[in-house]
Amino acid sequence: MNELPQQLVNGLLLGSMYGLVAIGYTMVYGIVQLINFAHGEIFMTGAFGALTVWLWLPGGTSMWIALPLMIIGAVIVAVAIAVGAERFAYRPLRNAPRLAPLITAIGLSLALQQAVWAWYPEAKSARTFPQIAGGPFEIGSVTIQTGDIFLVVAAPISMAVLAWFVMKTRTGRGMQATAQDPDTAKLMGVNTDRIIVIAFALGAAFAAVGAVAYGLKYGEINFRMGFILGLKAFTAAVLGGIGNIYGAMIGGVVLGVAETLATAYIADIPGMDKFGSQSWADVWAFVLLILVLLFRPQGLLGERVADRA
Amino acid sequence: MTALLEVEDLRVAYGKIEAVKGISFKVEAGQVVTLIGTNGAGKTTTLRTLSGLLKPVGGQIRFNGRSLKKIPAHQVVSLGLAHSPEGRHIFPRMSIEDNLRLGAFLRNDKPGIEKDIQRAYDLFPILGERRKQAAGTLSGGEQQMLAMGRALMSQPKLLMLDEPSMGLSPIMMQKIMATIAELKAQGTTILLVEQNAQAALSLADQGHVMEIGNIVLSGTGRDLLHDESVRKAYLGED
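Chain order of the listed sequences is A and B. The opening residue of the first sequence carries number 9 in this note's numbering; numbering runs sequentially from there. The opening residue of the second sequence carries number 37 in this note's numbering; numbering runs sequentially from there.
For reference, chain A alone in the conformation it holds in the complex (with noise of 0.2 Å):
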């Protein structure tokens, strides 16, 4: 239990699914700086879709063939309630004071968190996710679980096709310039608002990646899952700059990281037993995203300050 590569390894691979829902956070920030709080439900959304195309394909459906289906549902309907939320609840509020979009962040999280628990069927309770058989992995001393290998290969594609989007196509160099001044992006010809939904889009996606792996990871999944989960993800995104969006990934990992060698390690410094239980991982979480702020608020990719003058 004790051996820290397996500890290292458990913690990058659920850094890497905090990483996957921090895009969300960082990318929209980046473009319109709303802190959008529905994120976490929009990942748990895009949970139930995956689930309700495994309910819909026929019983013993090979997971090969159903999880790439499951991912294309959990996408569908993470994107769509994305940019609805973005059409309809952000979009008429763009010029408004900051509190308003903020507060109405928080309305549409509650809304989606009552809506899947009131309509989606036997949704009060935990419901189970499809799991992937066979496994576990060793490799040298290190297990990775069944449920693990999802992130394994996912996270890291993931990355690479949001880097190649933001740095190659016309549309992320459009993205770029937006975050960095979106009058003058227009004067460029940059249709900003449609930036904006694909900045809202893109989010969901990567957030419905994550909720996947989520459900493969832990087996069920819940109305509430987003909210713990959407918190860590924003604290991810905090801690490696938000705006950032490789920033989001590493906050994401760090994070990951720190939680597992926390919960640990910590039960072994004398005196501190008590608090190595799994129940104080939100917390040593939490504490890391106070001490980095105190000492670099920007966070780890933070951009310069004096790069806005």
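Be a bit skeptical, because a hint or two may be false.
With a straight-line cut-off of 30 Å between C-alpha atoms, the simulated DSS-like cross-links for lysine-lysine are [claimed, not checked]:
#1 Lys146(B) to Lys168(B)
#2 Lys193(B) to Lys176(A)
#3 Lys57(B) to Lys151(B)
#4 Lys151(B) to Lys176(A)
#5 Lys146(B) to Lys176(A)
#6 Lys151(B) to Lys106(B)
#7 Lys176(A) to Lys168(B)
#8 Lys62(B) to Lys106(B)
#9 Lys220(B) to Lys105(B)
#10 Lys57(B) to Lys106(B)
#11 Lys146(B) to Lys57(B)
#12 Lys151(B) to Lys168(B)
It should be emphasised that the hints constitute simulated quantities derived from the structure, not laboratory data.
Dock chain B against the given chain A, drawing on the hints supplied.
This is chain B only, laid out in the frame that chain A set:
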């Protein structure tokens, strides 16, 4: 023959406060036209309205025979109207070259874009030497060069320059003005907004003096340069 840009009775307001109160002027192809005046005269508001960032409350804008009134800002540049904004507004965290490429955001002719990037470097060699450097690290004058180079990347029919000499050292200012003269000699049509009336009028074919939202005086650059009231108000003579 109609002019390239025709502004007629243009009125722009921020809420209830009218910043531009019904101005009319024209820019013919190949001309340099300047709007001069003090802070708050409405010069920047006029340019921001022409490029679609602000919506007019009244009047007409016709560019190349089309009304610009209903065209969103991000489509204006594709019609051939480029705007180098006040305060330069380069993209600070992008490299110089990426800034120039954004100027060509809507163009699809790769070889043409590469050629025009080279042309920008020929016009401003310092940019070529630092092409990979983040634009935010440039000096004010270099950022101004970049903003002008970036605006030219869209191959505009009309280049609008807002306060290109603002905050620059006298040497840098001369350099920027010399560049504008060079662009003019190459046949670029320019609408120039300046507080530095002396420099702007010496370059301009036509000049308009703006005061609190109105054009109070118009004439050729040379006439205005020798106009007594202009000399008193804007050229610091008594």
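Does Lys106(B) sit within 30 Å of Lys62(B), going by the straight-line distance between their CA atoms?
holds (20 Å)
Take a quick look at whether Lys151(B) and Lys176(A) sit within 30 Å of each other, Cα to Cα.
Cα-Cα ~20 Å, so holds.
Hinted pair, alpha-carbon criterion (30 Å max): Lys146(B), Lys176(A). Please report holds or violated.
holds (14 Å)
Is the straight-line distance between the alpha-carbon of Lys176(A) and that of Lys168(B) 30 Å or less?
Since the Cα atoms of Lys176(A) and Lys168(B) sit roughly 16 Å apart, the hinted pair holds (cutoff 30 Å).
For the pair supplied as a hint, Lys193(B) and Lys176(A), confirm whether the alpha-carbon distance does not exceed 30 Å.
holds (29 Å)
Is the Cα-Cα distance between Lys57(B) and Lys151(B) 30 Å or less?
violated (42 Å)
Take a quick look at whether Lys146(B) and Lys168(B) sit within 30 Å of each other, Cα to Cα.
holds (19 Å)
Does the alpha-carbon distance linking Lys57(B) and Lys106(B) stay inside the 30 Å limit?
holds (20 Å)
What's the verdict on Lys151(B) and Lys106(B), does the C-alpha distance respect the 30 Å limit or exceed it?
violated (33 Å)
Agreement of Lys146(B) and Lys57(B) with the hint, judged by alpha carbon distance not exceeding 30 Å
Between Lys146(B) and Lys57(B) the Cα gap is close to 43 Å, so the pair fails against 30 Å, i.e. violated.
Quickly compare the C-alpha distance for Lys151(B) and Lys168(B) to 30 Å and report which way the hint goes.
Cα-Cα ~17 Å, so holds.
Do the alpha carbons of Lys220(B) and Lys105(B) lie within 30 Å of each other, as the hint requires?
Given pair Lys220(B), Lys105(B) holds - Cα atoms ~28 Å apart, limit 30 Å.
Against the hints set out earlier in the document, violations occur for numbers 3, 6, 11.
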